[in-house]
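Protein sequences, first through last, are from chains Y and D. Under our numbering, the residues of the first sequence are numbered 56 to 166, in order. Under our numbering, the residues of the second sequence are numbered 527 to 663, in order.
Hint data in this document are derived by calculation from the structure and do not stem from the laboratory. Keep in mind that this is a model prediction, so the values were computed, not measured. Backbone N, C-alpha and C define an ideal beta-carbon position, used for all residues, glycine too. A hint or two may mislead.
Reference listing, derived: stretches of chain D covered by chain Y, where coverage requires no fewer than 3 residues with Cβ under 8 Å from a Cβ of chain Y [said to hold, decoys possible]: (1) 562-576; (2) 601-615; (3) 631-644.
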Amino acid sequence: MIRVDTYVEDGVAVLKPQGRLTMVTAPALRELVAEMITSGQVKIVVDLSGTEFMDSSGLGALISGLKTARRAGGELRIACLGPQVSTVLRLTNLDRVLRPYESVAEAVGAR
Amino acid sequence: MPAECGGTLVAPAEPAALDQVHDLLQALWEDAGDVTLEDRICFETAVTEIAGNIVLHAPDGSPLDFTVEVSVHPDRIEARFRDAGRRAHVDLTTARLPEDLAESGRGLALALAGVDELEYRRDGTINRWRVTRRRTG
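So here's chain D without its partners, still in its complex pose (with noise of 0.2 Å):
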């Protein structure tokens, strides 16, 4: 089934990234249009937790760039992000919410919590990680 429409970012992996991926989200909603609130709000949460993963434990200190597409098909929303970082030390099984008022550790369980699918995998020397919510409307 080929894709709606869709978009793909390349970006330092550094915080102010975040803002571009919120960017390239924007854009795809527009050329979208018809998906529902529910699914752009749990889509856009998880892709941003992607993200700040990347951001933050990919980098090995040397300069690093990570990729993102985007698209939506009929039938679902998917993200794939890539880089050439350091391995992600995840285990997406067992990524449960922290203790109440514990001020970290909450990112992966929320990214799990709102999407149908999330994977990661070490590719070589490659880390590649995919987000798929199925469309509810």
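Isolated chain Y, as found in the complex (with noise of 0.2 Å):
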């Protein structure tokens, strides 16, 4: 399992997964996300800051929960990503999709 610690800033849902996000992980992270978006809570944030590996299944969850905030008027951001998660952003070209944020506060406030 994964923790995830959850707030909320702004308006906006803040979810701070810790570990590792791979394919063991990624599903809890998908469903967490999607449940916070039937539940009404479309704006979210992932701060990154705790999530020292991410693989491809990790991303996948990320991109999911993208496009179902997306498609439900809201959005996902994600935030304070360290040097793995920002590698494989790179490698994978999806820095332009899934843009990070220096900061939750950063990510909470843009628009």
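From these two lone chains plus the hints, build me the complex, please.
Right, here's the structure in full:
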């Protein structure tokens, strides 16, 4: 299982997954994001400062959340990337689609 | 050229084995000491994708183990996987990233992007993968 700390800041749900976001744990994050969106919380920031490693399954969970949020009229942003997560985003050219924010506050406040 | 240091893991081909692969690499970095962060990140990312591919596609329904040997050499870092599971239907010469919003299908392209060599071959009934990254420092 993956531990995901959650809180709401300025009407935006902030999710902070801890540890490794891989094929072991990505389904749980995907499900959590989907549940939040279903419950009406369509603006989401994923704080990746506690995510030490992410594989293509973890990336898939973020893309899934982005699509689900947008379909519901919301948005999913990512913030506080560590070096491995940044590398994965760069190697897959997805830093254009999932723009990384320096801080949660910046991601929450972005329009 | 002899390996500077290395380690071996035999684990069941199931998702929980990924954590054991990470632990193996963690121990390797501690032993090697001087591998750059960029090399470690790119290698570990590729190795995890291959382990994930094996876990997902090699088992045919019955219990299956896979073996991975990792080693740090003066000029490169290498991982060699083997398992006796189903043949991997991959073409590493055509692996490409899918469209931006695809939720899967990036594993092999991501692995290829981070290392210098990625090889798969079927050797009788054995699948063999080799992942090599040349050291940048």
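Per the coverage rule (Cβ-Cβ under 8 Å, at least three residues), is the segment 601-615 of chain D covered by chain Y? violated (count 0)
Within 8 Å of chain Y (C-beta), three or more residues of the segment 631-644 of chain D: Our answer is that it holds, as 6 residues pass the Cβ test (under 8 Å) against chain Y, meeting three.
Within the segment 562-576 of chain D, is the number of residues with a Cβ closer than 8 Å to a Cβ of chain Y three or more? holds (count 8)
Going down the numbered hints, you'll see the structure goes against just number 2.
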